[in-house]
Amino acid sequence: MLKLKYFSTCVFLLTLFSINRICASDYFLNALRIYTEGRFFEASIEFERAIYYETDSNLISVSKYYKSLCYKELGEYDKALEELAKENMESLPDSIFLAFGYEKVLCSFMKEDLNQALFNIDKVYQRFKDTLRILEFLPLNILCLNSCREWNNAMILWNYYIDNSRLNDSVKVNFRQEVNRLYDKKNLPGFYFPDKAERLSTYLPGSGQIYCGALPEGLFNLSINGTLLYYAFSQLYNKFYFTGYFVGLKLFNKFYSGGIRRARSLALEKNEKGIKSFNFKNSTLMKRLYTENVASSH
Amino acid sequence: MIVTDLTKKILISSVFFILTLFLRVFSQIAPDCDLKFINHLFKTGYIRETLFLLDSEECSSFQMNDSVNYLRGWCYSLLNRLESSSENFLKVAPASSLYPESHFYAAYNYAQEGNLIKAEGVLEGIEVCTQDHLLLKNHELAGIKLLHGDLFSFNERLSEIESDLPEIRTSSINLINISSELSSHKSKSPLLAGLFSAVIPGSGKFYAGRKGEAVSAFLSTAGMGLVTWENYRKNGLNDYRTIAFGAIFGLSYLANIYGSAFSVTVSENDFKEHVKTEVLFHMRIPLDSFFNK
Amino acid sequence: MKRSITRRFVYLIVLSLGIKSFAQHIDFKTDLGIINKKLSEKVPDPYKRPYIYKDEALVLKKLNPVNFLFGGALFVYQNILSKQISAGCLYTPGCSEFSKEAIREYGLVKGIILSDDRVHRCNSYAAGDLKKHKRDTITNRYPDPVSRYKSLKR
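Chains as they are written, first to last, in my numbering: chain A, 2 to 299; chain B, 2 to 294; chain C, 10 to 163.
Check before you lean on any hint, since a few could be wrong.
Stretch by stretch, here's where chain C covers chain A in the computed footprint (C-beta under 8 Å, at least three residues) [unchecked claim]: (1) 196-202; (2) 286-292.
Here are the computed lysine-lysine pairs in the PhoX-like style, where the Cα-Cα straight-line distance is at most 25 Å [what the hints assert, rightly or not]: (3) A/Lys274 with C/Lys143; (4) C/Lys70 with C/Lys46; (5) B/Lys189 with C/Lys141.
In short, the hints are calculated from the structure, not lab data. Backbone N, C-alpha and C define an ideal beta-carbon position, used for all residues, glycine too.
With the rest of the complex left out, here is chain A (with noise of 0.2 Å):
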């Protein structure tokens, strides 16, 4: 009789702890479905549910990463980066890092940090050293690189990402030659120092604008400043004394300042957008290439 007891009480429990584990993971799969929904901002309420009523260590670490992934449909990425930050990255399983890793990369990108996305890039890689694992965080080592101007580096890692895809070797060497026209100096965005903009249009009005390739603008510039200096010049130069202080110098001062200004701010921006539409090609040619990869491994 007391054997049946003993057996009968472990089966219960055995039985209970299954079923509790089955049904507090109630929060998380009602999360999941309303994820698949569509309604972000619902799931990452009820995936905040199962963190708060969940117990299984894992599950709690996945609740936090699909909530940072409802975070970053609805655009939110500061808040995506900050709900991945709360968990200790070290001590989770490798394929749970990994996925916390690529998220952390990817809002870190979407938001401009690039010391935050290549910092985590590094973490990723100093634990996956030489494996296959790494090849999800390439695309975007990639794009970061392409914004700290490191072509060399880009490149290499482009020649390592198609060598480890699974594209035929014609393919491979089409991708290689599209990948080195792309950094082909003739075709890398230039840069445009703002500092040397300041500097320029500080001797010389509107050199600066013209030096970063706005031609009509820096002439624009330029023909206004001569013509208002022309103006206090000569307002001076015939005994105009307050005219020429009042009027003519002092609105050329505030289109000389201005230009200076203007040629810095300029400069920023077309680095800006140098980076941004060469950037836009290489992703372009990486979703060319994922595609390519999907297919033949089908």
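Take the given structure of chain A and dock chains B and C to it, following the hints.
Below, chains B and C without anything else, positioned relative to chain A:
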């Protein structure tokens, strides 16, 4: 068929397993207003999410309505939607322990919005049961009188508060300081500011207390005046340059007069805004300390 | 009910086996789409602003030569000259936007006078009168809306 011991054990364990499974399956998470989780969301700063759950069907028909309305009130308050916040606070029933806090904060929200009559009405309607609540009510009503600008009623109300409560005593002293600042404040005339600026450009702004603006108005108007005078002297009245600079000078001069008149209005409005902010601040502190916020 | 029980058992098995299939969740194709969208989006040019009477319903107001003269001058300033000056305004809205709003709210005469006064106030001398605590921490400017100048009554 001989039923062995082992078979019996297996049969019993299966029955247990299936029974427990049925029980747990049927006792699935029924949708209800999970106040414990909602409180957790609120405390961790997820205000929009808290509001989303509170506005759901499950919470609308929840029996613990007072807690729901109270939380909703706080969510709207933190999102700066004061009208909705007050509406929800006022739904809390007198029987609830959250009633005094809800109604005091509802009145405060109305005061913050500028709806002083409603704020006063809510405060007068609060059913106070303790001496401390009565003192707090009188303090808040005194604050509202001060917001009205009614210094006589304010002093009357304040004399009813002889509070030993440190939260109220310090704030009352500060309100008294504000009232003396109000009574000693001399309001300025926009007409006078305009006249001053008509005589000396910028002096009207100086009278309004804006010294920096006065200097810049004087320099720019005087500068244009000198340019016009110079062109008039050398080119004559009918020259296009004299007319152009004269027009710009005239505009500057008019703008200086008009701007000076407005600077008095803007300064007075800024002073009123400053007084309102200070009074609201000293109405809020006792509430927060009293209700441990 | 049968399906939910089966689903729960399947889930239990998957969970107990570990979450090894997790890394495959990375949906790179969709993420590339998000990246592409961000890289191709056009940043609006802050120096391209519309003509003040562009959406004006009254034809008389739109074609009035005086309105056209001042509106045109404002348009030329905002779209061509302001980038040459690159001035950082002390206030929000900026001086030319304030001018536009003032003319729309209060008419041409009062709008021009208020704009002139605003331009005379937008310098380092007048900055000394502004209260630091009122500055917007994001735009780094002081709020000075047109609604402040509705009436001289306090």
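Which hint numbers does the structure go against, in order from smallest to largest?
1, 3 and 4
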